[in-house]
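Can you build the whole structure from these sequences, using the hints too?
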Amino acid sequence: MRLTFLGSGTSGGVPLLGCQCEVCRSDNPKDKRLRTSIMLEWDKKRVVVDSGPDFREQMMREDARYLDAIVFTHSHRDHTAGLDDIRSYNFLQKADMPLYLNEKTLKILKRQFEYIFEPNPYPGVPKVDLNIIENKPFKVFDTVWQPILVLHHKMEVYGFRIGDFTYITDANYISDEEKEKIKGTKTLVLNALRKEKHLSHFNLDQAVELVNEFSPEKAYFTHISHQMGKHADIQKTLPENIFLAYDGLKVEL
Numbered sequence: 023m024r025l026t027f028l029g030s031g032t033s034g035g036v037p038l039l040g041c042q043c044e045v046c047r048s049d050n051p052k053d054k055r056l057r058t059s060i061m062l063e064w065d066k067k068r069v070v071v072d073s074g075p076d077f078r079e080q081m082m083r084e085d086a087r088y089l090d091a092i093v094f095t096h097s098h099r100d101h102t103a104g105l106d107d108i109r110s111y112n113f114l115q116k117a118d119m120p121l122y123l124n125e126k127t128l129k130i131l132k133r134q135f136e137y138i139f140e141p142n143p144y145p146g147v148p149k150v151d152l153n154i155i156e157n158k159p160f161k162v163f164d165t166v167w168q169p170i171l172v173l174h175h176k177m178e179v180y181g182f183r184i185g186d187f188t189y190i191t192d193a194n195y196i197s198d199e200e201k202e203k204i205k206g207t208k209t210l211v212l213n214a215l216r217k218e219k220h221l222s223h224f225n226l227d228q229a230v231e232l233v234n235e236f237s238p239e240k241a242y243f244t245h246i247s248h249q250m251g252k253h254a255d256i257q258k259t260l261p262e263n264i265f266l267a268y269d270g271l272k273v274e275l
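Add 22 to the 1-based position in the sequence shown for our numbering, that's all there is to it.
Bear in mind the hints are in silico, worked out from the structure with no lab data behind them.
Keep in mind that a hint or two might mislead.
To be verified - When the alpha-carbon atoms are kept at most 25 Å apart in a straight line, the in silico DSS-like pairs for lysine-lysine are as follows:
(1) Lys240 - Lys203
(2) Lys176 - Lys240
(3) Lys176 - Lys201
(4) Lys66 - Lys54
(5) Lys129 - Lys54
(6) Lys116 - Lys126
(7) Lys219 - Lys158
(8) Lys208 - Lys67
(9) Lys116 - Lys132
(10) Lys272 - Lys54
(11) Lys272 - Lys66
Structure (structure tokens):
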């Protein structure tokens with residue numbers, strides 16, 4: 023399985039027009055962070071986790087000419103706003119796009135994209151095949167996905183474990199019960215927003231502490247805001263098995 027970081031940033035870290043902070047002025051491409059999303063590929067299948075506002079740009083950058091499904095972690099717009107752009111895949115593949123999401127996320131998507139879900143939709147709108155998930159294992163094609171229920175302040179968000187890989191974004195709390203699902207993970211992706219503490223995200227120290235608790239072979243931090251600072255500066259402070267993710271990074275799992 024191959025993991026591609028489509029985006030490693032956050033709406034909270036998107037600079038204002040004309041910003042002159044050190045991250046915005048950096049010429050290191052690893053400091054150019056689009057909204058957080060990943061793509062997983064195995065056995066000629068290609069699945070994206072979350073389709074944020076930068077979804078179209080990210081897929082074009084990766085020359086991803088087909089897409090088999092989208093799995094959603096939660097309903098916030100920085101993880102869902104690109105859903106309209108699946109219509110190109112509908113056209114090319116002549117098929118509805120499978121979506122895997124819980125009932126709460128579906129409820130919000132129906133409000134955000136009402137035109138997609140109307141009984142008699144306008145010709146040419148995105149076409150979806152809905153698959154409702156709960157906090158129990160489900161299959162995406164032939165691969166088992168184990169949801170991991172985490173809290174984003176008071177909001178329930180799904181992380182996912184697929185084999186020896188675990189992906190968690192938009193979290194600041196994981197219960198002991200859900201942590202049991204993570205144990206034994208070899209590759210862990212975890213959100214780390216900034217150095218300072220935050221209401222709804224792990225900060226850098228908290229993320230490092232969790233990595234030390236689970237002891238994966240490798241860990242990658244994502245959902246990184248501009249407040250974190252420059253990639254090179256932060257990376258040199260991290261343990262040798264922990265890496266800041268960056269847009270376009272590919273990892274063999």
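Structure-based check of all given hints:
{"no.": "1", "hint": "Lys240 - Lys203", "in the structure": "holds, 17 Å"}
{"no.": "2", "hint": "Lys176 - Lys240", "in the structure": "violated, 29 Å"}
{"no.": "3", "hint": "Lys176 - Lys201", "in the structure": "holds, 18 Å"}
{"no.": "4", "hint": "Lys66 - Lys54", "in the structure": "violated, 29 Å"}
{"no.": "5", "hint": "Lys129 - Lys54", "in the structure": "violated, 32 Å"}
{"no.": "6", "hint": "Lys116 - Lys126", "in the structure": "violated, 28 Å"}
{"no.": "7", "hint": "Lys219 - Lys158", "in the structure": "violated, 31 Å"}
{"no.": "8", "hint": "Lys208 - Lys67", "in the structure": "holds, 22 Å"}
{"no.": "9", "hint": "Lys116 - Lys132", "in the structure": "holds, 23 Å"}
{"no.": "10", "hint": "Lys272 - Lys54", "in the structure": "holds, 16 Å"}
{"no.": "11", "hint": "Lys272 - Lys66", "in the structure": "holds, 16 Å"}
Violated hints for the displayed structure, listed by number in ascending order: 2, 4, 5, 6, 7.
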